[in-house]
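> With the hints as extra help, turn the sequences into a complete structure.
These protein sequence lines are chains A and B, in that order. Going by the numbering used here, the residue at position 3 of the first sequence is 3; the numbering climbs one at a time, nothing skipped. Going by the numbering used here, the residue at position 18 of the second sequence is 18; the numbering climbs one at a time, nothing skipped.
Treat the hints with care, since some could be wrong.
All copies of an identical chain are treated as equivalent in the list; a pair is satisfied when it fits inside any one copy or across any two copies.
Unchecked claim - The calculated lysine-lysine pairs, modelled on BS3-like cross-linking and capped at a C-alpha distance of 27 Å, are:
1) LYS65 - LYS45
2) LYS60 - LYS24
3) LYS44 - LYS60
4) LYS65 - LYS24
Simulated from the structure, these hints should not be mistaken for laboratory data. Keep in mind it's a predicted model, so treat the numbers as computed, not measured.
2 protein chains.
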Amino acid sequence: SLGPELHCRCISTERKPIGRHIEKVELIPANSHCEETEIIATLKKTGQEVCLDPEAPWVKKVIEKIMSNRRR
Amino acid sequence: SLGPELHCRCISTERKPIGRHIEKVELIPANSHCEETEIIATLKKTGQEVCLDPEAPWVKKVIEKIMSNRRR
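Right under this line is the structure:
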């Protein structure tokens, strides 16, 4: 990546709880180019990137689980 | 990124609370190639990547702050 994006990257967010398919998660804090935190998950196997809703309870749990370092 | 890394990426972690310099954060859950969660922050301006300790209280606070969507 060559510096910050110049706009929000997410158009829509994933509704289904896909926590177990997540390989990694990128957290982009609100900044001058996008006024909301953006969360972009990369999925295992496909490498597909999907946006997650920072307000969704299942997303918060996924982040907490990763932070607590428990294996799945 | 073309799939999971085959080893842990972090050798050491940042001790200083550099939350305000963070442009984005990558969370990599523990997986078969690395038994600990890894957190890699990209810094504003320099684009430098630094590893953060998931257990460090200041790191947890940074993640919580990003998730709560409060601007810095």
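> Would you mind marking each hint as holding or not holding in the structure?
Each hint, compared with the structure:
no.	hint	result
1	LYS65 - LYS45	within (21 Å within a copy, 30 Å between copies)
2	LYS60 - LYS24	both (14 Å within a copy, 17 Å between copies)
3	LYS44 - LYS60	both (19 Å within a copy, 25 Å between copies)
4	LYS65 - LYS24	both (12 Å within a copy, 19 Å between copies)
Taken one by one, the earlier hints all hold for this structure without exception.
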